[in-house]
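Enquirer: Residue numbers (our numbering), protein chains in the order written: chain A, 19 to 148; chain B, 19 to 148; chain C, 19 to 148.
To be clear, the hints were calculated from the coordinates, so they are not data collected in a lab. Among the clues, some could well be false.
It does not matter which identical chain is used: a pair holds within one copy or between any two.
Unchecked claim - For lysine-lysine, the following PhoX-like pairs were computed, each having C-alpha atoms within a straight-line distance of at most 25 angstroms:
1) Lys42 x Lys121
2) Lys44 x Lys23
3) Lys23 x Lys42
4) Lys121 x Lys23
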Amino acid sequence: MYVLKVRSHSREELVEFTGLVREKLKESGQREGILVLYVQHTTAGLTINENADPDVPRDMLHALRTLIPQHGMGFRHGEENSDAHIKSSLTGSSVTIPFQDGKLLLGQWQGIFLCEFDGGRERQVIMMIR
Amino acid sequence: MYVLKVRSHSREELVEFTGLVREKLKESGQREGILVLYVQHTTAGLTINENADPDVPRDMLHALRTLIPQHGMGFRHGEENSDAHIKSSLTGSSVTIPFQDGKLLLGQWQGIFLCEFDGGRERQVIMMIR
Amino acid sequence: MYVLKVRSHSREELVEFTGLVREKLKESGQREGILVLYVQHTTAGLTINENADPDVPRDMLHALRTLIPQHGMGFRHGEENSDAHIKSSLTGSSVTIPFQDGKLLLGQWQGIFLCEFDGGRERQVIMMIR
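Bound conformation, chain A alone:
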C-alpha cells in the first residue's frame, strides 16, 4: 500500500499524476494484477481521461461548472461547496486499472487525474495492488 500526495493550485483543476503511479508500481515489483487508487476526500474525485490536449480537462471542468454551478442551484450545505461534493460523486472516488508485465494497461491517450473541485490543497490518494 502506498499513500500518494497530489497537490492542486486552483478551486477546480484536473491534476495528472500518472507518472507517480507508474513509479510506485515499479517500486512494488508486482507484474500482473489490478491497481486501485482511492481518494480520501469528499470534494475531489479521480478519473481517467486524455492527457495530450490540455483543452480536454479544461472543457470537462467547464461543462461540469455549467451543469452544477457553485451558486444559484438552491443548495443548503453551508460551506459553499455542495457543487464540489456532487461533482466528486459523479466522477467517483476510485479508479481501478489492470497491469501486466509490470506496466499499467492504459490506452494510448489515457492519463490518471485527480479531479479537484474545492482546492487548491494537498490531497491524499491510497494506492493498493491486488
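Could you slot chains B and C onto chain A? The hints should help.
Expert: Using the frame of chain A, we list chains B and C on its own:
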C-alpha cells in the same frame, strides 16, 4: 462474500450503511486488501460522500433531480423511472475501498451510501473482499 | 487477462457485451472473485444497466446528449468530441463485478454495456480476474 440488505423509504434517498460494512469486514477477519461493494439493481447506485451534514446528500439529490427530472425530458421507457436508470449509471454500480489493519481507509468525512432513485424498497448489495 | 473487442456502429450507442464476458469467465475456470473490465479509450465508458427494454439505453443517451451537447457549450478542444470525453468520465472507465460458483453476480435486469460516445468503431476492453 456477504449479501447486505439496505432499506430505503423514499423514491430518492441516500442511505448510509458504513456501519454494516465495517461490521462485516470485522467478521471476515481480513487485515489488508480491497473491499468491493456491488449493487444488484438498475435504479440504484453506490457512492462515497460526506456523512456529517445531512444537507450534502439532500443537495446531491436536489441537483440530480434538477438536471434529470422524472418527467419532461422526453423519455420513452414506460415505467416512469428512466431518470433513476440514468442517475444509477452516473453514480455507478460499485465502490472499491482499500483497508489495512482490518480498518477501511475512508477519509475523515467519508461514508458509504446506497443511492436510491426509485424507492422505497429493500436493495441487495454484494460485498467481496480481495 | 483477456482483451475483448467491442464494436459500435453509431456516434453514440450502448453496446451490450455481457455474453462475451460470461464466455471468458467460463473459459478462465475461476470460481469466486471479482471481474474488472477496463476500457482503453477516452471517448467511451463502461456501465451496468438494464438490458431488457432498449428504451433504457436510448433514454440514457438522450439525457446525456441534452445535458452535454456536442456543440454549443463553448468547448475549445479541436476534435469536436469534448462531449464524448466528458461523458466517458461521467460513466467511468471500468466496472467491477463480483462472481461466485463461476457465475457473475449481476442482478436480474443488469447487463454490461460499452458506452460509445464517439463511434462507430472497434473498442478494446481489458478483462482481469482477481
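Enquirer: When no copy is named, should lysine 23 and lysine 42 be tagged within, between, both, or neither for a Cα gap of at most 25 angstroms?
Expert: Within. Shortest intra-copy distance 12 angstroms satisfies the 25 angstroms Cα cut-off; inter-copy 30 angstroms does not.
Enquirer: Which holds for lysine 121 with lysine 23 at a C-alpha limit of 25 angstroms: within a copy, between copies, both or neither?
Expert: The answer is both: 21 angstroms in one copy and 21 angstroms across copies each meet 25 angstroms.
Enquirer: Can you give me the call for lysine 44 and lysine 23, within, between, both or neither, at a CA distance of at most 25 angstroms?
Expert: within (17 angstroms within a copy, 28 angstroms between copies)
Enquirer: How do lysine 42 and lysine 121 come out at 25 angstroms by Cα distance, when the copy is not named: within, between, both, or neither?
Expert: Intra 11 angstroms, inter 22 angstroms, cutoff 25 angstroms: intra and inter.
In terms of the numbered hints stated before, the structure departs from none.
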